[in-house]
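Asks: Now for the letters of each chain:
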Amino acid sequence: MVIDLKMIRKINMFRKAFAFTTPAFIILALLTLNSIADNIDDQVRKISYLLMCPVCQGQTVAESNSELATQMRAIIKQKLEEGESKEEIIAYFVNRYGETILGAPPTKGANWLIWILPALALVFGGAGIAIFLHKSKSEKGKEKAKEMLNEPRVQAESKYLEKLDEELKEFES
Amino acid sequence: MKILSIVTKLSVLLAILLLLSLLGYAIFGNRVFLKFSPIVGQQAGDFTLELFNGEKMKLSDLRGKAVLLNFWASWCIPCRDEAPALDASWKKYRDKQAVFIGVNVWDDKDSALLYLKKFGGAYENGMDPKGEIAVEYGVGGVPETYFIDTSGKIVDKYTGPLTEEIIDYFLGKALSTNHGITKDGN
Chain A
1 MVIDLKMIRK INMFRKAFAF TTPAFIILAL LTLNSIADNI DDQVRKISYL
51 LMCPVCQGQT VAESNSELAT QMRAIIKQKL EEGESKEEII AYFVNRYGET
101 ILGAPPTKGA NWLIWILPAL ALVFGGAGIA IFLHKSKSEK GKEKAKEMLN
151 EPRVQAESKY LEKLDEELKE FES
Chain B
1001 MKILSIVTKL SVLLAILLLL SLLGYAIFGN RVFLKFSPIV GQQAGDFTLE
1051 LFNGEKMKLS DLRGKAVLLN FWASWCIPCR DEAPALDASW KKYRDKQAVF
1101 IGVNVWDDKD SALLYLKKFG GAYENGMDPK GEIAVEYGVG GVPETYFIDT
1151 SGKIVDKYTG PLTEEIIDYF LGKALSTNHG ITKDGN
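Chains as they are written, first to last, in this note's numbering: chain A, 1 to 173; chain B, 1001 to 1186.
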């Protein structure tokens, strides 16, 4: 029998290569599957944070432990696994529960007011306070303050306060 | 000395009264009302309900009949309040092309069966363990009732306990919208 050494070497090389690469492939496959699962769970979490739990007070679907929220998370996961996009899933819930299910009102139509009004209130309120402070520091404001001090009721009050101060001083001494 | 004008005083008073009335409504107001639902006016989503008697019921098989779809739970007190009205109405409408379906949600089977034994519900009743039907219909609490007309379109949604008069009104509406569909649903 003729032993082909070259052939044996080749077979050994393949064996070694197979022994090294197979676990690597398995690990890679497992990591990929794990990352896909992680990715889906991550997406479920992200979408759940955008939706309000319909039976809870101020909690999102992600935060709530209610049975409905748990079921909604399962439905989101199922839809993601079926290949639906984030937008499609959100639209599915909005079509059933209305826009109130959204964590933040969409920036369209009259909803713009919700986003703009707080900023406008801050700007106009700040401007109002600034104008008031400026006016009260001005000469006109000082004159008005003097006028107010000259009013009989204020004068009577200040006389009464002066008397009270005097009596307190006497009492202390 | 005049600090605030009468107009300002009146506006403040009005604003306070408005806020108080809103607060009063939020605390004491009767919240049983017709809730706006985006699915009203749309074709009812099809589903297969596993009934407590082991049979299965498909909504699309009921085409040509008006459907009262009631979501309930054994722990829900208003559901107990509406149970006699549902039973009485079912007896009244069962021969009039109307089907009553009870969908038990967020519950366990034993409690649901005990509830049915105690409070009635002789019509078709089944469980929705995964909440798929509830979410499909946008259910946000119990009891909630959907009225589906003979063509399979959702015509109304009612939130809160039903009375016989309420059922008469909505089921009458669902039965009257014929859409040219015959008894056989063709």
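FYI, nobody ran anything at the bench for these hints, they're computed from the structure.
It is possible that part of the hints are untrue.
Unchecked claim - Okay, derived cross-link-like pairs now, PhoX-like style, lysine-lysine, Cα gap no bigger than 20 angstroms in a straight line:
#1 A:77 - B:1058
#2 A:6 - A:16
#3 B:1109 - A:79
#4 B:1118 - B:1058
#5 B:1109 - B:1130
Claimed, not checked - So the derived list for chain B, only partly shown, Cβ under 10 angstroms to chain A, looks like this:
#6 1023
#7 1024
#8 1026
#9 1036
#10 1038
#11 1106
#12 1110
Claimed, not checked - Per label pair, the in silico range of CB-to-CB distance:
#13 A:59 - B:1020: 25 to 35 angstroms
#14 B:1009 - A:159: 42 to 52 angstroms
#15 A:83 - B:1096: 35 to 45 angstroms
#16 A:156 - B:1012: 22 to 32 angstroms
#17 A:165 - B:1009: 44 to 54 angstroms
#18 A:127 - B:1173: 25 to 35 angstroms
#19 A:170 - B:1013: 52 to 62 angstroms
#20 B:1026 - A:103: 19 to 29 angstroms
#21 A:125 - B:1013: 15 to 25 angstroms
Backbone N, C-alpha and C fix where the C-beta goes; we use that ideal spot for every residue, glycine too.
Asks: Hold the hint about residue 1036 of chain B up to the distance rule: shortest CB distance to chain A must be less than 10 angstroms.
Replies: The hint holds - residue 1036 of chain B has a Cβ within 10 angstroms of chain A, the shortest such distance being about 7 angstroms.
Asks: Please check whether residue 156 of chain A and residue 1012 of chain B have a Cβ separation lying inside 22 to 32 angstroms.
Replies: 29 angstroms, holds
Asks: Do residue 59 of chain A and residue 1020 of chain B keep their Cβ atoms within the hinted range of 25 to 35 angstroms?
Replies: 28 angstroms, holds
Asks: Holds or violated: residue 1109 of chain B and residue 1130 of chain B, Cα atoms, limit 20 angstroms.
Replies: 13 angstroms, holds
Asks: Less than 10 angstroms between beta-carbons is the criterion; does residue 1110 of chain B satisfy it with respect to chain A?
Replies: At about 16 angstroms, which exceeds the 10 angstroms cut-off, the nearest Cβ of chain A leaves the hint on residue 1110 of chain B violated.
Asks: For the restraint on residue 1026 of chain B, tell me whether the closest CB of chain A is nearer than 10 angstroms.
Replies: 13 angstroms, violated
Asks: Evaluate the given range 25 to 35 angstroms for the C-beta pair formed by residue 127 of chain A and residue 1173 of chain B.
Replies: 54 angstroms, violated
Asks: Taking the beta carbons of residue 83 of chain A and residue 1096 of chain B, is their distance inside 35 to 45 angstroms?
Replies: Because 44 angstroms falls inside the window, the suggested range holds.
Asks: Holds or violated: 15 to 25 angstroms for the Cβ distance of residue 125 of chain A and residue 1013 of chain B?
Replies: 21 angstroms, holds
Asks: Closer than 10 angstroms between Cβ atoms is the bar; does residue 1024 of chain B clear it against chain A? Give me holds or violated.
Replies: 19 angstroms, violated
Asks: Lying within 52 to 62 angstroms: is that true of the beta-carbon distance residue 170 of chain A to residue 1013 of chain B?
Replies: 46 angstroms Cβ-Cβ, so the 52 to 62 angstroms window is violated.
Asks: Would the pair residue 77 of chain A and residue 1058 of chain B pass a check requiring their Cα atoms to be no farther apart than 20 angstroms?
Replies: At roughly 25 angstroms apart (the allowed maximum being 20 angstroms), residue 1058 of chain B and residue 77 of chain A break the hint.
Hint compliance for this structure: hints 1, 3, 4, 6, 7, 8, 12, 14, 17, 18, 19 are not met, and every other hint is.
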